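Undergrad: As you go down the protein sequences, you meet chains A and B in turn. Per the working numbering, the first sequence runs over residues 9 to 233. Per the working numbering, the second sequence runs over residues 8 to 316.
Possibly wrong hints are sitting among the right ones.
[Unchecked claim] Partner residues aside, some chain B positions facing chain A, computed with beta carbon under 8 Å:
| no. | residue |
| --- | --- |
| 1 | V56 |
| 2 | E277 |
| 3 | L284 |
[To be verified] Looking from chain B toward chain A, a few residues come up when the C-beta cut is under 7 Å (computed):
| no. | residue |
| --- | --- |
| 4 | D256 |
| 5 | K261 |
| 6 | Y278 |
| 7 | V282 |
| 8 | P285 |
FYI, nobody ran anything at the bench for these hints, they're computed from the structure. Bear in mind that the values here come from a model prediction, so they are computed numbers and not experimental data. We put the beta carbon where it would ideally sit given N, CA and C, even for glycine.
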Amino acid sequence: MQIIDMAVTPLRDLNATLQAQAGATNGTAWDIENPRGSHAIAVGLDAPIEVTVKGSTGYYCAGMNKQATVNVRGSVGPGVAENMMSGTVVIDGDASQYAGATGHGGTLVIKGNASSRCGISMKGIDIIVHGNVGHMSAFMAQSGNLVVCGDAGDALGDSIYEARLFVRGSVKSLGADCVEKDMRPEHVALLADLLERGGCDARPEEFRRYGSARQLYNFNIDNAY
Amino acid sequence: MCGIVGLFLKDEALEPRLGSMLTDMLITMTDRGPDSAGIAIYGADNPAVSKLTVQSDTPDQAFATLEADLGAALGLDVRLRRKDTHAVLELPRGQLAEAAAALAGINPDIRVMSSGDTVEIYKEVGLPTEVAERFDLRAMSGTHGIGHTRMATESLVTTMGAHPFNTGPDQCLVHNGSLSNHNRLRRKLRREGMHIETENDTEVGAAYLTWRMQNGATLGEALEGSLIDLDGFFTFVFGTKDGFGVVRDPIACKPAVMAETDQYVAFGSEYRALVNLPGIEQARVWEPEPATVYFWSHGDTSTPTEKAA
Chain A
9 MQIIDMAVTP LRDLNATLQA QAGATNGTAW DIENPRGSHA IAVGLDAPIE
59 VTVKGSTGYY CAGMNKQATV NVRGSVGPGV AENMMSGTVV IDGDASQYAG
109 ATGHGGTLVI KGNASSRCGI SMKGIDIIVH GNVGHMSAFM AQSGNLVVCG
159 DAGDALGDSI YEARLFVRGS VKSLGADCVE KDMRPEHVAL LADLLERGGC
209 DARPEEFRRY GSARQLYNFN IDNAY
Chain B
8 MCGIVGLFLK DEALEPRLGS MLTDMLITMT DRGPDSAGIA IYGADNPAVS
58 KLTVQSDTPD QAFATLEADL GAALGLDVRL RRKDTHAVLE LPRGQLAEAA
108 AALAGINPDI RVMSSGDTVE IYKEVGLPTE VAERFDLRAM SGTHGIGHTR
158 MATESLVTTM GAHPFNTGPD QCLVHNGSLS NHNRLRRKLR REGMHIETEN
208 DTEVGAAYLT WRMQNGATLG EALEGSLIDL DGFFTFVFGT KDGFGVVRDP
258 IACKPAVMAE TDQYVAFGSE YRALVNLPGI EQARVWEPEP ATVYFWSHGD
308 TSTPTEKAA
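The whole structure should be built from the sequences, with the hints applied where relevant.
TA: This is the structure:
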């Protein structure tokens with residue numbers, strides 16, 4: 009276990025240290041103390057290390073993550089795990105707007121609530137939210153899975169492409185071209201795996217699935233160049 | 008981008024520290040807006056006194072005989088307390104309108120920053136740390152206050168373009184965002200008799216809320232009206248004599264974090280602004296919902312959506 013105290017270590021040094029960890033590093037466990045809402049903590053990591061942030065963070069925590077596991081023992085500001093490629097990010101508290109935005113891969117678990125635009129333009133990431141998500145979540149979602157154990161706000165899945173959305177609670181409204189779809193056996197199996205990975209105490213049968221109706225302009229082949 | 012903060016005290020023991028706590032919160036938000044900064048502090052309510060906070064770019068000359076000149080013009084006992092480019096004029100309660108009119112006659116270059124029974128507003132071009140130092144904001148005590156550090160988008164970087172904006176007695180607004188229908192709304196509000204000094208969008212927002220309340224709306228109703236009548240992005244914190252209200256537009260892209268304990272309710276653009284508050288680790292911390300009005304009050308006046316302190 010190595011400890012980086014942000015009360016004495018500047019943010020750039022912290023990120024440079026974590027980014028310098030190669031794949032074969034022995035220093036796999038890192039604790040970050042006194043984050044005090046700082047921005048851009050543990051960004052751009054590319055090694056199979058486990059980082060635990062002991063407190064709440066500001067903007068862009070764990071952005072562009074590859075391979076690493078980042079745990080946050082608090083809440084996170086806007087843009088957590090933005091553009092994540094792989095690895096795992098787990099938030100004990102709440103996440104502010106656009107959590108997991110544009111993520112290509114990996115797993116983002118939010119144990120509290122996520123606010124607006126959760127999973128906006130997601131491109132393969134799996135996002136599992138124990139609580140609720142705000143309005144415009146999964147806007148223009150292209151690929152990956154969004155699991156919401158609580159409720160979803162207005163305009164869920166607006167202009168969605170091929171991502172799958174699973175919601176256990178209510179959906180305030182669906183966005184343009186987003187529709188409810190059947191839960192087939194393969195979706196139940198997929199969701200069971202996602203719930204287990206997210207540490208959720210929920211059964212797949214309690215969820216409804218939403219996805220694209222594929223009726224918008226770009227789905228019509230006659231509009232292709 | 009701008010940084011806004013607010014602090015509403017429930018615990019009277021913290022009142023001597025209000026200025027210090029709010030200043031710390033504002034300085035932490037400096038990198039959200041370095042153009043100009045301002046703070047509104049609601050101090051002790053002396054039932055015999057109302058206050059005008061005024062500003063001049065040439066304070067040595069402007070304030071030299073102002074106490075006597077205004078006293079003579081009004082035929083009243085006026086006390087002047089100077090702080091750098093600002094001065095607080097204390098006068099018998101109920102004389103604010105007369106005093107403002109007399110002031111314009113004495114020296115039209117003196118600008119009114121705030122008018123009310125308990126509020127004092129200090130704002131200037133510069134960083135929060137400089138503004139706080141000039142006006143010794145840390146030494147101020149009070150029941151609640153709001154602050155702003157500005158990155159200008161909609162009007163000039165001047166003292167008058169800085170927040171908070173005071174458009175009615177003890178009412179003031181700080182804003183993160185930008186309003187897109189402020190020109191049309193400014194013309195409408197001026198036709199309705201509202202006094203709007205600048206080309207700034209936030210001042211129009213403040214004047215809108217004051218106008219609604221002058222026409223019978225509660226603060227809660229006025230803030231709800233802003234969701235319909237204001238076009239653009241906004242996170243507002245609106246101060247009144249009794250407390251403060253918070254509202255975000257339905258898109259809610261401008262950030263906001265709130266924290267509540269038995270001792271206080273605090274607002275910050277970011278969680279960073281709150282980390283030095285006492286007991287923050289145990290506070291209830293949450294992000295205010297879009298298009299939802301929150302209000303905390305020391306007084307008995309209720310609004311439909313008021314939250315009890």
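Undergrad: Take the hints in turn and mark each one as holding or not.
TA: Hint by hint, here is what the structure shows:
no. : hint : in the structure
1   : V56  : 39 Å, violated
2   : E277 : 6 Å, holds
3   : L284 : 12 Å, violated
4   : D256 : 11 Å, violated
5   : K261 : 10 Å, violated
6   : Y278 : 4 Å, holds
7   : V282 : 4 Å, holds
8   : P285 : 15 Å, violated
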